[in-house]
Amino acid sequence: MVRKYIALLRMKYIEMLAYRLATFVWMTGAITQPLITMFVWMNIHPEESESFLFYFMAVIFVERMTSAWDVWELDREIREGTFSNLLLRPLHPIHWAIAENIVYKWLFLVILVPVWMVGAVYWPALRPHMTGSQIGWFLGAVVLGAALRFLLSYSCGLLAFWVTKVAAVYGVIDVISLFLSGRIAPLEMLPPQLREWSEWLPFRYMISFPIEIATGAVRAEELVRGFAIAAGWLFVLAAVLQWLWKAGMKKNQAVGG
Amino acid sequence: MVIRVSHLHKSFRVHRREAGWLEAVRSLWRRDYRIVEAVKDVSFTIEKGEIVGFLGPNGAGKTTTMKMLAGLLHPTSGEITVGGFVPFEQKAEFKKMMSLVMGQKSQLIWDIPPMETFLVNKAIYDIDDRSFRQTLEELTELLDLAPLLDKPTRSLSLGQRMRCELAAALLHRPQVLFLDEPTIGLDVHTQENVRRFIVDYNREHETTILLTSHYMGDVAALCDRVMIINYGRLIYDGELSVLTEKLAPYKRLEVRFSRLPNISWDEYGEVAEMEEGTVVLRVARETAAGTAARLLERFDVRDINIEDPPLEEVITRAFQEGVYGS
Numbered sequence: 001m002v003r004k005y006i007a008l009l010r011m012k013y014i015e016m017l018a019y020r021l022a023t024f025v026w027m028t029g030a031i032t033q034p035l036i037t038m039f040v041w042m043n044i045h046p047e048e049s050e051s052f053l054f055y056f057m058a059v060i061f062v063e064r065m066t067s068a069w070d071v072w073e074l075d076r077e078i079r080e081g082t083f084s085n086l087l088l089r090p091l092h093p094i095h096w097a098i099a100e101n102i103v104y105k106w107l108f109l110v111i112l113v114p115v116w117m118v119g120a121v122y123w124p125a126l127r128p129h130m131t132g133s134q135i136g137w138f139l140g141a142v143v144l145g146a147a148l149r150f151l152l153s154y155s156c157g158l159l160a161f162w163v164t165k166v167a168a169v170y171g172v173i174d175v176i177s178l179f180l181s182g183r184i185a186p187l188e189m190l191p192p193q194l195r196e197w198s199e200w201l202p203f204r205y206m207i208s209f210p211i212e213i214a215t216g217a218v219r220a221e222e223l224v225r226g227f228a229i230a231a232g233w234l235f236v237l238a239a240v241l242q243w244l245w246k247a248g249m250k251k252n253q254a255v256g257g
Numbered sequence: 001m002v003i004r005v006s007h008l009h010k011s012f013r014v015h016r017r018e019a020g021w022l023e024a025v026r027s028l029w030r031r032d033y034r035i036v037e038a039v040k041d042v043s044f045t046i047e048k049g050e051i052v053g054f055l056g057p058n059g060a061g062k063t064t065t066m067k068m069l070a071g072l073l074h075p076t077s078g079e080i081t082v083g084g085f086v087p088f089e090q091k092a093e094f095k096k097m098m099s100l101v102m103g104q105k106s107q108l109i110w111d112i113p114p115m116e117t118f119l120v121n122k123a124i125y126d127i128d129d130r131s132f133r134q135t136l137e138e139l140t141e142l143l144d145l146a147p148l149l150d151k152p153t154r155s156l157s158l159g160q161r162m163r164c165e166l167a168a169a170l171l172h173r174p175q176v177l178f179l180d181e182p183t184i185g186l187d188v189h190t191q192e193n194v195r196r197f198i199v200d201y202n203r204e205h206e207t208t209i210l211l212t213s214h215y216m217g218d219v220a221a222l223c224d225r226v227m228i229i230n231y232g233r234l235i236y237d238g239e240l241s242v243l244t245e246k247l248a249p250y251k252r253l254e255v256r257f258s259r260l261p262n263i264s265w266d267e268y269g270e271v272a273e274m275e276e277g278t279v280v281l282r283v284a285r286e287t288a289a290g291t292a293a294r295l296l297e298r299f300d301v302r303d304i305n306i307e308d309p310p311l312e313e314v315i316t317r318a319f320q321e322g323v324y325g326s
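Line order of the protein sequences matches chains A and B. Here the first sequence stands for residues 1 to 257, where the numbers follow my numbering. Here the second sequence stands for residues 1 to 326, where the numbers follow my numbering.
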């Protein structure tokens, strides 16, 4: 398996280099929305500018590190029939997607960490104040968030076996997650009822949770509870994915040819 | 026996919509479905090392059958085993012993050179370094790949891409090869090369090959045995020569004279074509040799040629009339 992953990572890396411009546009494009949102909030609450600056820098970082585009890929591959090529090979197609995620997120990491560090030199508000264990929990929560978003996106993508243009379904989920994951505003600013829900839904654990750990907003007992809920969703989504896969294989029409 | 198919059926549920925008609105809440039976009660077996041509008009069920054989589609009913495996279970061991090449679908990764796809396949199919090197060397020579390996796939011509496609499919030395229209869109010269490669490869490695093609040249050059499918049913399975005899019980007699005699040809056969100095006659199979002898004896014949009618004609007749004269 290690050899297979090395080969896939290498290939995805070369492929990414072939799409240099697209990757760059994609990267910077994704930063625009949180930046604008940040300026809006700074305008509304100028006295809290510094904490918004840190929060949204963290949103940019965590959002990129956990982003998942698999639904669009699967939608296209299944609809156009190119998915058959992956199915014919003796390796589950999901590994191609995982390898791609690793390669792109590695690139985001390599770009975003220096950007953050340079930024921290000029704006003290960007300097994180985290203990060693906090950093560990933060990184763990980012990986968990990436896994959750990946599973959700890939599961939605598998719906393409039943419906065409399945990305629309994901669009609806994405709008909900915009609010409940903390991308539009820190979750503490949500009405109490929504906040309560957000703790039990998976979206918080995709973006907000790691940031809350970084800002120190999560206390020790909440930390354990948060990881437990996130892990629960991880199992649920993995089971859903597996079920969709099995049912989808029976439904597959292997279009084209 | 490498491939065994018995009583195979496949039906699809297809959403039906009439044309027109009123219908389009209606179909938003009421969807009519109809069942399309793509493959009906198909049974056959293929032995190790055989090359079998799978023929039929567009939409006859060839590709659907092939996709079931390769494990991409779940049969509605019936049984398939390929090399002892049940294809739709999609076991890794099964995938390692077969390959499906689709002329219209590329397995090569589009924006990077073919060599990168080969390396990925090497890892995925667990090919060790030595056999990879050997196989690649052999395929590079047979298919003349050397100048293509490091160019991005998208910049290759159709023929170049097809050659790389075949190489990618054969790196893991499959024992069973499904070729779906492998020569589609290729020029005559490249078609010829691909055919020669398939024949050589089959002879060398005893690979079992099932091939669909619209080019009768492919079939004539590659297959002793053909299966003909139409409207989802297998209507013929047997030797190509027997099919020809059955459907075209005549031979073409092409005779070139020094001077075309001005006679009635009825006693020799039916005139198919007549040009200056040359007559093409349709003659009953059994009497072809005798007729040729008589012509040689009676006239000043410069050249004479006895051949089977063109395969296109035979196959078209099979599609239209059925094989058993039903």
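A portion of the hints provided could be inaccurate.
Taking lysine-lysine and the DSBU-like style, the derived pairs with C-alpha atoms no more than 35 Å apart in a straight line are [as the list claims (entries may be wrong)]:
| hint | chain 1 | residue 1 | chain 2 | residue 2 |
| --- | --- | --- | --- | --- |
| 1 | B | Lys-48 | A | Lys-165 |
| 2 | B | Lys-96 | B | Lys-246 |
| 3 | A | Lys-105 | B | Lys-105 |
| 4 | A | Lys-251 | A | Lys-105 |
| 5 | B | Lys-246 | A | Lys-250 |
Over 12 Å on every C-beta distance to chain A, these chain B residues come out as not near it, computed from the model [unchecked claim]:
| hint | residue |
| --- | --- |
| 6 | Ala-70 |
| 7 | Asn-230 |
| 8 | Ala-272 |
| 9 | Glu-307 |
If you are wondering where the hints come from, they were derived from the structure by calculation, not from laboratory data. Ideal placement from N, C-alpha and C gives every residue a C-beta, glycine not left out.
| request: Compare the structure with the hints numbered earlier in the document and write down the numbers of the violated ones, lowest to highest. | output: Checked against the structure, the hints that fail are numbers 1, 2, 5 and 6, while the rest are satisfied.
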